[in-house]
Amino acid sequence: MDDSGAILCQISSLKDMLDQVNEEIEANIRITREIESEIVKCTEFEAALAARESDLTKTFYFSQFEINGLLSVAYESKKSVKLLEEEVCGLRKKKMEMPESMDDKREQFVMQCLEFQRDIDKGENEVVNLLSEKEFLENEFHLLDERNNALKNFMWAFMDETVQDLLDCNSVKVAYLHSLHQCLLNIRFYF
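Residues in the sequence shown are numbered from 1 upward in steps of one, following this note's numbering.
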């Protein structure tokens, strides 16, 4: 009987040890489940971060594309302004040369008129007709000269205004490019 009591005692001891092992296994299973839950959360967080990174990368590339487009527009605008400035300089030069040319033509005209008047003194009735025609032509010449000057002044004012508008437009584009550049620097900071 002693032997069966000892065996029962050992069985009881083994059962206690088995219960303790089962409790430890259950505790380990709970810990494992918590770890798996944390892994799932980390995986979801990692997926969210990957999606955010993808969005930021797409935004970055779109911004780069837009900046490149704006830079090419700014470059073309600068070229256009430079060409307009050269054209304006050429027109100003022509404007400065025009009075000299007009003076030369006036002198020739006056000389021809004086010669014509000398010839008229020799002529008769035809002279009176030619003098009235001369006076009419001089009046027409003065009218045309005034119209020409008004047209030139209008053209210069229009060209100056156009160049100023182009310069103002370029300064707005440069400010916009600067703000886009700042935006890109902020996006790079997040990476």
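What the hints contain is simulated information worked out from the structure, not anything from laboratory work. You may find that some hints are simply not true.
Below, in silico cross-link-like pairs of lysine to aspartate or glutamate (EDC-like), each with a Cα-Cα straight-line distance of 16 Å or less [as the list claims (entries may be wrong)]:
id: 1; residue 1: 134; residue 2: 161
id: 2; residue 1: 95; residue 2: 146
id: 3; residue 1: 95; residue 2: 85
id: 4; residue 1: 82; residue 2: 145
id: 5; residue 1: 152; residue 2: 87
id: 6; residue 1: 105; residue 2: 145
id: 7; residue 1: 78; residue 2: 168
id: 8; residue 1: 82; residue 2: 168
id: 9; residue 1: 152; residue 2: 115
id: 10; residue 1: 79; residue 2: 146
id: 11; residue 1: 105; residue 2: 138
id: 12; residue 1: 105; residue 2: 161
id: 13; residue 1: 95; residue 2: 145
id: 14; residue 1: 134; residue 2: 115
**Q.** Those earlier numbered hints the structure runs against, lowest number first
**A.** 1, 4, 9, 10, 12
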